[in-house]
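Protein chains in written order, with the working numbering: chain X, 1 to 135; chain B, 1001 to 1135; chain D, 2001 to 2135; chain Y, 3001 to 3135.
Since the hints were made in silico from the structure, they are not lab data.
Hints may contain errors.
For lysine to aspartate or glutamate, the following EDC-like pairs were computed, each having C-alpha atoms within a straight-line distance of at most 16 Å [said to hold, decoys possible]:
1) D:2055 with Y:3081
2) Y:3055 with Y:3129
3) Y:3055 with D:2081
4) X:6 with X:19
5) X:22 with X:129
6) Y:3055 with D:2015
7) Y:3006 with Y:3019
8) X:22 with X:10
9) Y:3006 with X:129
10) Y:3022 with Y:3111
11) X:6 with Y:3101
12) B:1006 with D:2118
13) D:2006 with B:1118
14) Y:3006 with X:10
15) X:55 with B:1015
16) B:1022 with B:1010
Cβ-to-Cβ under 8 Å is the rule here; a few derived chain B residues that face chain X [to be verified]:
17) 1050
18) 1069
19) 1088
20) 1094
From the three backbone atoms N, C-alpha and C, an ideal C-beta is built for every residue, glycine too.
Protein chains: 4
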Amino acid sequence: MTTTTKPMIEAYPAEITLDRTKLAATVNALIACSEACTSCADACLSESSVAELTKCVRTNMDCADICGTTARVLSRHTAYDANISRSLLEACAVACRSCGDECAVHAGMHDHCRVCAEACRACEQACRDLVASMS
Amino acid sequence: MTTTTKPMIEAYPAEITLDRTKLAATVNALIACSEACTSCADACLSESSVAELTKCVRTNMDCADICGTTARVLSRHTAYDANISRSLLEACAVACRSCGDECAVHAGMHDHCRVCAEACRACEQACRDLVASMS
Amino acid sequence: MTTTTKPMIEAYPAEITLDRTKLAATVNALIACSEACTSCADACLSESSVAELTKCVRTNMDCADICGTTARVLSRHTAYDANISRSLLEACAVACRSCGDECAVHAGMHDHCRVCAEACRACEQACRDLVASMS
Amino acid sequence: MTTTTKPMIEAYPAEITLDRTKLAATVNALIACSEACTSCADACLSESSVAELTKCVRTNMDCADICGTTARVLSRHTAYDANISRSLLEACAVACRSCGDECAVHAGMHDHCRVCAEACRACEQACRDLVASMS
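Chain X extracted, bound-state conformation (with noise of 0.2 Å):
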């Protein structure tokens, strides 16, 4: 996990209407995603088989910005607006199960597609928790 995700939210001053755990949660799994999604793209470049990764790739770069803006946006709590945190979510959701499901294709091959396809997955999850958990 990443280090200052839950001390950070504990130290935050005010009312955070979300559940500081899974929100920690979810914060630490679109880090880790946005990481590996940001690796994986990278590591498909090095494969010598890269022109059958171009997909995989830019499905990657996706998913890394995406995942690393919501993790951005659940980090701040001031001000709080549900409706941007939810559509975010959902847009992030879609972005992990597509890039999940394009890694899978390639696991059996590829340990970083392997890796990152457990952690958009993981994130995917995450993402829908914490939406469910919002209404």
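Given the coordinates of chain X, work out where chains B, D and Y should sit on it, guided by the hints.
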């Protein structure tokens, strides 16, 4: 308009499902909104009334991040995934609506909020237009 | 030019140490370069010769990230810290030089590399000019 | 530690010039610092004394952006360019120093500044150690 958006879309070597002119307009609106929101968050910090602008700063930060990420996703055309683009554009429109509403509250007092509110409105409309053209 | 850069700098409510016109030009060059690099990385993925363009994709991704971050830092003027701006501009110029050099290798073959190389050269120059004006 | 950093570095299919353990530690420090700075900027906005924390918010935003970008660049190993990594790590160390200094001023009053200052110090050291190992 950002000088490179249109020539880069024209230089893309394969098919693009979406209308290239509409796509370029949306990317430009996203980039302009992201830049305005980053600047407005900072300008608010330099106002003596910053304590009344904290919601504005926070929403600006979210909107800057989400618009920046959406611009990047829309600048990629390889292995296009309509589900990711659509859900992200919808989340982005939500963020632009919230940020535009908040900036509009302060538009009479602060020129940076007025310019930023206009950029948010234009970006929200561009996102909604592009989503409408996708179905 | 990005439509919001200049009006947002003009709307900043306090003093800006750097020349506002030069600053706006640099931010615009950074935004244009970041957009070009994001697009060029993706366009390379759609070339049949992608296996020969992996260095270009990777350098494009770095340059897109660094230019985007530098544009954000330069769009903030509150509590200006010349050391951060200067060292980041120097790092950005290094990234633009590398990316411009790599794109230039492929400029005769691929229009996206040609446009991107020009954006990198212009951005490198803008970064160096701004650093020169700071001392 | 971010759960995916180490396994993704281990799964990279080609040579990495830098020491993989040291590299993973630096990426983790960068991710933790970026997350802490994003959270600290927001926590400052919720303090009643926000008017005295505007320098902290601004430096946090810069440091979050720069650490996030540096983590991404260091997560890529294809076509490694030591000049980009070195200059970016140096810029990142400068940002971490400034942000750590500013957060330290408020560490006795605000727990979020105390945790963030520690993350900045650790990240600055990790960046400097990695640069030292590169020459």
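To see whether the hints hold, each was checked on the structure:
For the hint pairing residue 2055 of chain D with residue 3081 of chain Y, the CA-to-CA distance comes to about 10 Å; that is within 16 Å, so the pair holds. A hinted pair counts as satisfied when its Cα atoms are at most 16 Å apart, and residue 3055 of chain Y with residue 3129 of chain Y does not qualify at roughly 28 Å. The hinted pair formed by residue 3055 of chain Y and residue 2081 of chain D meets the criterion: a straight-line CA distance of about 10 Å does not exceed 16 Å. This hinted pair checks out: residue 6 of chain X and residue 19 of chain X have alpha carbons roughly 12 Å apart, not beyond 16 Å.
Between residue 22 of chain X and residue 129 of chain X, the direct Cα distance comes to roughly 9 Å. Compliance with the 16 Å bound is thereby established for this hinted pair. As the CA atoms of residue 3055 of chain Y and residue 2015 of chain D are separated by approximately 15 Å, the hinted pair is consistent with the 16 Å bound. The suggested pairing of residue 3006 of chain Y with residue 3019 of chain Y holds, with an alpha-carbon distance near 12 Å, which does not exceed 16 Å. Pair hint residue 22 of chain X plus residue 10 of chain X holds up; C-alpha atoms about 12 Å apart against a cutoff of 16 Å.
The straight-line distance between the Cα atoms of residue 3006 of chain Y and residue 129 of chain X is roughly 26 Å, outside the 16 Å bound, and the hint therefore fails. At roughly 29 Å between alpha-carbon atoms, residue 3022 of chain Y and residue 3111 of chain Y are farther apart than 16 Å, so this suggested pair is violated. Pair hint residue 6 of chain X plus residue 3101 of chain Y does not hold up; C-alpha atoms about 22 Å apart against a cutoff of 16 Å. With a CA separation close to 14 Å, the supplied pair residue 1006 of chain B and residue 2118 of chain D stays within the 16 Å bound.
Distance hint between residue 2006 of chain D and residue 1118 of chain B is fulfilled; the C-alpha atoms sit about 14 Å from each other, no more than 16 Å. Between residue 3006 of chain Y and residue 10 of chain X, the direct Cα distance comes to roughly 27 Å. Violation of the 16 Å bound is thereby established for this hinted pair. For the given pair, residue 55 of chain X sits about 15 Å from residue 1015 of chain B by alpha-carbon distance, which is consistent with the 16 Å threshold. Only pairs whose Cα atoms come within 16 Å are accepted, and residue 1022 of chain B paired with residue 1010 of chain B is accepted, the gap being roughly 12 Å.
Taking 8 Å as the C-beta contact cut-off toward chain X, the hint placing residue 1050 of chain B at the interface is violated, the least distance being around 12 Å. Interface restraint check for residue 1069 of chain B: the shortest CB-CB distance to chain X comes to about 4 Å, inside 8 Å, so the restraint holds. Evaluation of the residue 1088 of chain B hint against chain X yields a held restraint, the C-beta minimum of about 5 Å falling below 8 Å. Hint on residue 1094 of chain B holds. Least Cβ distance to chain X is approximately 5 Å, under the 8 Å limit.
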